[in-house]
Amino acid sequence: MRTKIEIQGLKKSFASDKGPLTVVDDVSFTVGDGEFVAVVGPSGCGKSTLMNMMAGFIQPDSGKVLIDGVARSKPDSRGILISQQGSVFPWLTVRENLMFGLNGHVGDNRRAAEGIPRSANGATRDNRMAIADHYAQIVGLKGFEESFPHELSGGMLKRTELARALAVKPEILYMDEPFSALDALMSLRMRNELLRILAQERHTTLLITHDVEEAIHLADRIVVLSPRPTRIQAVFDVPLVHPRKVSSPAAQELRVTILRELGVEREA
Amino acid sequence: MNRIKEALPAMALIAVLIAAWWLTVYLTHSLIFPTPWGVVTGTWELLRNGTLWDHIGASLMRVGAGFGLAVCFALPLGLWMGWVRGAYRTLNPLFQILRPISPIAWIPIAILWFGVGDASPVYLIFISSVFPMIVQTTVGVHTIEKRYLRAAENFGVSRRTLFKQVVIPAVLPQVLVGMRIGLGVAWLVVVAAEMIALHSGLGYMIMDSRNAGNRYDLVIAGMIIIGLIGLSLDTIMRLLEGIRWIRWRYAH
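Just so you know, the sequences run in chain order A and B.
Under this note's numbering, think of the first position of the first sequence as 1, with each following residue one higher.
Under this note's numbering, think of the first position of the second sequence as 269, with each following residue one higher.
Just so you know, the hints here were simulated from the structure itself, not pulled from any lab data.
Where hints are given, some of them may not hold.
[Stated by the list, open to error] Mimicking DSS-like on lysine-lysine, the simulated pairs with C-alpha atoms at most 27 Å apart in a straight line are:
1. A/Lys11 x A/Lys74
2. B/Lys414 x A/Lys11
3. A/Lys74 x A/Lys169
4. B/Lys414 x A/Lys169
5. A/Lys64 x B/Lys414
6. A/Lys169 x A/Lys142
7. B/Lys414 x B/Lys432
8. A/Lys169 x A/Lys64
9. A/Lys169 x B/Lys432
10. A/Lys74 x B/Lys432
11. B/Lys414 x A/Lys74
12. A/Lys64 x A/Lys74
None of the values given here were measured: they were computed from a predicted structure.
Construct the entire structure; sequences and hints are all you get.
And the structure:
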C-alpha cells in the first residue's frame, strides 16, 4: 500500500498557568492510501490536538506532517475534518450546505477531474446542485435537500456533514469523535452507513475515538495513545473482514487487549 | 383564540388604569387635566382637521432618514470592525466615549451645524441609533462560532463566498437586534428633538398644545400616539425575525 500520510516526531505544548504543558510528545506513524486508521486514547490525552495538527489547523512545535510526501501546514479541501460538535451551517439548507465546498476552485478541480467542461455559470451551478443532490442521496437525505438543519435530527445532521465532506471528494477524511454526540443506536447506524459509503467511495480515513468497540468495528488498524503527554503506546491490526460482528470472540478478544493497554483491566 | 387569551391580563390592566385615571379626574374636579373621553374627542378633532397625519408623517420621515443613514453607515463599519482587529482597536475606544453622550446633549451642536430645519433631527437620530448598531454588528462578528469559520477555511472557499455564505448570515440576527435597539432610540430622540427645535412632528404637537392654551387632552393624545407608533415600529422589526436568513437563529 502506498503511504498517504506520514507524520514524523510531532510535538506540541501549550502555555498554562504552571508553565508549558506538553500535550503531544513525539508521535510518528504512517497511514496508507485508502487505509482506515483509528486512534484511541484516554480522554484529555491530546487526540484532538494530534488530529488538528494532521489536518493543518494547528502548527506543531516540531515534527512534520507529510501528505503524499509533501509537507502540508494549512488546512485545505483535500482533507476534510468532521468534528464532534459538527459544523453544518444552520442558515443554509441541506442542499446549500452540500454545495458550499463546491464553490470556486474546488468545484473547478472536481469538474476538471471528471472531464466536465467549465462552461457558462448557470450550467456550473446546475452541475454543483447535481453533485449535492447525488451525495444527499448517498447518505440517505433524499427528500430533505430543502430542509434547514434545525428541522433535522442529530443523525441527519451528521449525514449532512458527511455528505458535505464527501461532495468535494477529499483525499482524506479526518473524523474527530464524529458520532459520540449521538445516542448509542444512532451511533451504531451511522457506523454502518459510513462503512457502506466507504465501500462505494474509498477515502483514506482517520478516526479519533474513545470508543474501542467503534474502532474495532470500523478500522483496519488501531493506534493506542498513552495518557498526556501522548505517545504511541501500541498499534493493532484488525484482521477481521467486513461486515464485522463486534460481538464475535475475535473482536471481543481484541477489545479486551486494547482496553488492557488503556489501563482498564477488567470490564464489568 | 389563544393569543386573545394571552393578551387579556394586559388589556385588563390598561382598562383598570384608564378607569382609575377617569375616577381621579372626576373626584379632584381638575380643570386642566383631561378625562380619557376628553383625550378621545381631542384626538378626533386633530384627525378631522388633518394636522395629526401631518405631524405623524413629519416624525416618521425624520426617523426614516436618520435611521436609514445610520443603517447604511453602521452595518459595513460594524462588519469591518468585527473582522479586522486593527479597525476594532482603533475605533472602538472612540465609539465607547461617544456612545454614552445623550442625543439631547447634541442638540445645541446640531442647531449650530444644521440650523432648525429637518437636518438637525435627522442628524440627532443618526447619532443616537448608529452606535448601538455598530456595537451589535461588531459583537455579532466576534461571536460567530469558530467551528463555522474553521469549516469554511477547511473547504478553502473564496473570501467572497466566506462573507456571503458564512459571515453575513451568521451576523444577521445580531444586526437585527441592533436595528431594533437603534430604531427604538431613534423614535425616542425624534420626539425630544421636535420639542426643542422644530415646528412640526409629534414632539412639536405636544409642546404646542401645552403652550397654546393648556390643551392637555392633546398632550396626552400625542403621548399615546407616540407609544402606539413605537410599538408598531418594534413589531415590524420583530416580523423580520421570521425571514429566512434570520429564522434559523430562533428556531430552537
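To test your reading of the hints: which numbers does this structure violate? Violated hints: none at all, because every hint is consistent with the structure.
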